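Asker: Protein chains in written order, with our numbering: chain A, 133 to 832; chain B, 133 to 832.
Since the hints were derived computationally from the structure, they do not count as laboratory data. Incorrect hints may appear among the rest.
Any copy will do: because identical chains look the same in the list, a pair fits if it lies in one copy or spans two.
Calculated lysine-lysine pairs in the BS3-like style (CA-CA distance at most 27 Å, straight line) [unchecked claim]: (1) Lys361 x Lys499; (2) Lys361 x Lys248; (3) Lys499 x Lys339.
From a predicted model like this one, the values you see are computed outputs, not experimental measurements.
One letter stands for each residue in the lines below.
Protein chains: 2
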Amino acid sequence: MKVSTQGLAAKDGPVPVRDLTDHGEEMIERLLAEAKGRLRQPDAGAEALRALIIGVLAAPEGNDPDAWMDLVVAGPGPALKERLASLKAELAAGDGVADDETPPGRRLADLRQELKRRGIDGFIVPRSDEHRGEYVPLRARRLSWLAGFTGTAGMAVVLPEIAALFTDGRYTLQAKAEVDAKLFLTLHSTERPAADWIGANLRPGHKVGFDPWLHTPDELSRLRAGCEKAGGELVACEDNPIDAVWSRQPPAPIAPIVAQEDAFAGKGSAEKRTEIAGQLMADGVDAAVLTLPASIAWLLNIRGGDVAYAPLPLAFAILGADAHVALFLDRRKLTPGLDAHLGDEVRIEDMDRFGPALEALGGEARKVRADPATAPAWVFDRLGAAGANIVKADDPCALPKACKNPVELDGFRAAHLRDGAALVRFLAWLSAAAPKGTLSEIAAAERLEAFRRENDHFRGLSFPTISAAGPNGAIVHYQPSAKTNRTIEPASMYLLDSGAQYLDGTTDVTRTLFIGNGGARPSPEQRANFTRVLKGHIALATARFPRGTSGSQLDTLARQALWRAGLDYDHGTGHGVGAYLGVHEGPQRIAKAPNTVALMPGMVISNEPGYYKQGAYGIRIESLVTVRMSDANPGEERQMLEFETLTWAPIDLALVEVDLLGTEEIAWLDAYHAGVREALSPSLDRETLAWLADATRPLR
Amino acid sequence: MKVSTQGLAAKDGPVPVRDLTDHGEEMIERLLAEAKGRLRQPDAGAEALRALIIGVLAAPEGNDPDAWMDLVVAGPGPALKERLASLKAELAAGDGVADDETPPGRRLADLRQELKRRGIDGFIVPRSDEHRGEYVPLRARRLSWLAGFTGTAGMAVVLPEIAALFTDGRYTLQAKAEVDAKLFLTLHSTERPAADWIGANLRPGHKVGFDPWLHTPDELSRLRAGCEKAGGELVACEDNPIDAVWSRQPPAPIAPIVAQEDAFAGKGSAEKRTEIAGQLMADGVDAAVLTLPASIAWLLNIRGGDVAYAPLPLAFAILGADAHVALFLDRRKLTPGLDAHLGDEVRIEDMDRFGPALEALGGEARKVRADPATAPAWVFDRLGAAGANIVKADDPCALPKACKNPVELDGFRAAHLRDGAALVRFLAWLSAAAPKGTLSEIAAAERLEAFRRENDHFRGLSFPTISAAGPNGAIVHYQPSAKTNRTIEPASMYLLDSGAQYLDGTTDVTRTLFIGNGGARPSPEQRANFTRVLKGHIALATARFPRGTSGSQLDTLARQALWRAGLDYDHGTGHGVGAYLGVHEGPQRIAKAPNTVALMPGMVISNEPGYYKQGAYGIRIESLVTVRMSDANPGEERQMLEFETLTWAPIDLALVEVDLLGTEEIAWLDAYHAGVREALSPSLDRETLAWLADATRPLR
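Excised from the complex, chain A in its bound form (with noise of 0.2 Å):
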């Protein structure tokens, strides 16, 4: 996928919150009684129970809508589960995690109020949270219960009379659809920066708050610029002004925490720490902060389901060069079992002790590596102020997480497998579907994942389907709604890009199909545009490259067919996949914008060019890739590396124009289908089979 919006869709949405009822009441005396001894928490009592299950209301669904209850008592029996269940039912209804029916106007007003109680003037609103996650818990979406806006990118300025939310492109237009405009201004973050708008609007001697947890130093220092240019001051809040006037506000999210097994991680937590902690030794640091989930999970093979789309645990973490662990979290988020696999050499702590532990390592005036990209200014500040020397440089596990190690890669390759067979499934009953154009995007989407949700190790899904067609394709991070939702017309172009979750891996791919009826034929304007994109996805499925190449250099590769003929797409051209873990991480990228991480071995990544016709139709072409080696044939020098490619999935041939491809474009196709031919036919049915066999015919 190339980027994703996420509203507040079904599974993950808001809970209405009401008081608790009796019968509630009733029901937890109740369970707690049948439980008494087997309780996780001997001495947890109704109010504790109640905070456990409106915590799990507060964080999504999850593939498994029962794991939660493990947290309560140990392998609960079917009758417990029952109750269990009924009163998760019971909360939802009556109590929990709830829409806050605050008007807008009504929420800035409060805002407003507050800061004068605090003496400043203003506030700044990130979309972000602490852990500058994609996607981010109900309890952190400050920006959607302040302005309405529902992107993952952006930022709200709150001054005294005037306030503005900043988006980038790909937001613009829905912003505009969610904001009231008579609260809030809307503007384009790259022509209008915030810190600038705040330059030209603040008035002197005004002060303009933040929330240092929810900002990295790096951005700080623009805001504060523009606070200054102005005359103005910006200033850190102790706590969010929002969370005080949000009085329905979810608490955090109790997502259960999951040991992620050494078959699939395919390297042990201890072996990972004692690398890492190796690295900081050699430069003569004592300990790295964590502030990543996927880091964290990552380091100690822990999987958790805080957030949408993503198994992360939300937690900070404190590496030392001893390779020990302080991992700061919510305890009752731990499954049974859990602390046996984390072992000795990490220390559980709750949330409130990471403060304390960042200022027992300045007291002791440590050497502290933090990264100013992604990190808090909370954590350089609280580090700072109690003397340590703190040593910026980025996420010490980034880059080993990135390089996925013999196991992950042969987790992809099986579940990449699983996966394309599901996705042949639909596009061939999508096939016959199609064409009686009474399809919806919906409806196609929830179909393919109904295939996927077949498959074994499923875990759900990688990031909300792009289910996209004719002209809602030219709109990238395009979601169908019941507002937007289309019908799948025939003889129209239909964008697909949806992936899943495994346990053994994660997948991303998109496919342009044009939806025959019968006789239709795309247009040779049609034609020619997807195939300039293919030549652009086969340059770099083929490209080989040295060691020390970026993507940043390849990525004209994939733009160069597209340039010849005066078109381009404002996206990048790949971006990293975690292992059962982000669909989209670091560091590597494919991208127009300099990013000098080389390519290295085991990185997996998406080779998605594109192109977009506003008003009309857009084509993407994703497949995920792995670097590998590349043979040396006689004479080479150097060694190069070069791409697997991981998905299977045909290519639509009704919209390639062969005359368009060179002889080994062609060659590449035809060998990628007969791969896809034999990658997935011992999955597959014989209808689903007759009809990938004509869907991958050879050109040649």
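Got chain A; can you put chain B on it based on the hints?
Answerer: Positioned in the frame of chain A, the structure of chain B alone reads:
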């Protein structure tokens, strides 16, 4: 040319210094008497005249060896010229600028003693001068004086008991050959950066000195970190301790500064100044400090001759937001009429007024722009200490200078017609001369220079010619010397990288030839590798790309064919070229390393992929190109840019393996060769034309 080394080559080299003879004294007195009343410095006595001529001797001789005489008397007659020439010869023979006969060990010991006297323990000796030029005047060759190393990039660090010379990969062999290993370790500057080495070798409490004129703030922060890591300190020296012990250090060079006429410059200085001042004003900046001679020469439409190969006047300048300029230089360099050319808005000041002028800006708390990547730390220190509000940003002339105006582009085209004709005359001559097997690299280079010298507006070479036979071609920065001079053997490869300065433009072209001898043919490997380099050259020459694209994004196009064969080259693919200024200029660049400067219409840049087989041969194909708008075909959505090739010279067809070229590549080569014939035919004699017709015969 790729990169340039500069030894103490003949014309540019040191001149012996001895005391003035009686005969010399007598000559000066007679000359002063004769020129009385016409002297440009009316009250100049013998000492002033002697100092002027010694300054002239400390500058390169230049294309017109008598031009300096205008600095004594405007338009001297033949008799006076003869006297002046004799006097200069007398001073050169008996006095003037000299080679220092102090042995290297003594120099290093003298420096250490001087450091001790000053209470410091070490000193850093960079190759750079105050103006960060690729070529530096004799006076600034401190690294060469101290360590004997004559490459264009390097740095020595002297500590009490050890000293080290740091050079990049280009110069490791040369450094080992030139430097006394008993005095200096020679280290690779990327594998063992100077800052790291200092960190490991400096004793706690020790002080390392540096000359703040010779380092940028960016450089110093790394060196400072190294010193502090070792518990030492980096301290600025008021004046350079090498200057204190280099008894025969030449004076600053004195070369005539002349106007660059509007007919070549295309835009008056007032207009340039107004445009850039407008930008400063818009940014709220009061003044910009200019320390790069090329920027000052461009801004004021002047040219000088203080260093070799580029017509640069060593000077500093301050451009105000009112479009006025304070120009700091040695007034003796001004030719008659230059004051009028500069006009009232350019105030000429002595060099020693530069510091007070910076302090005055600080005293008024002005907002002053300076470039931390090119301006000396001294400038920032002076501004900062005086209270200026320093805005760190790039040199404001860099980008407008890089985007040539239509008159400059026409000049480039005209210069390339003349330069191409000279090169073709040479190549035709070479095709007859070389097969005899007696021609040396140096003789070939001299013959080519002689052809160029006949051209209108010729002002000298733009860099030392790389005339490299056989295995010498694989040494990327090769320059023939008496010691290395090889015979150009029949049946071998010959790489020729050369260029010239013309009043209307600067050239830089590389062609690689197979020297025939009747029957010999290049090997299949040589043809294949040449053709791969050619494919890269063509891919870049024919690239189309949207506005905003940087050279880094295009670099891979030039390497792709080599990468497919497991080959690569270890240098950039394209450098900017000045308009009768430096042959290497920024800010644009085509290279693997990230560079965010977009290629813009009017920029001139080289297209020079290569391949080097150690000990065997080198291949490089280089033409200059300019960026222009690309005509749009129907259906195109975005304004595309493309390159226009400026260089006209045949590409050796004997080295082309036609089977490795695609149809479009063959079409490009045939069209280019037809262009060469069309462009150059009017200036060539019949015999050369016949040679050219064969050398450019169509492949299809």
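Asker: What label fits lysine 499 with lysine 339 when the C-alpha limit is 27 Å: within, between, both, or neither?
Answerer: This pair counts as between: shortest inter-copy Cα distance 25 Å, intra-copy 33 Å.
Asker: Given a CA cutoff of 27 Å, do lysine 361 and lysine 248 count as a within-copy pair, a between-copy pair, both, or neither?
Answerer: Within one copy only: 22 Å inside, 47 Å across.
Asker: Checking lysine 361 and lysine 499: alpha-carbon separation at most 27 Å within a copy, between copies, both or neither?
Answerer: Between. Shortest inter-copy distance 13 Å satisfies the 27 Å Cα cut-off; intra-copy 34 Å does not.
Hint compliance for this structure: no hint is broken.
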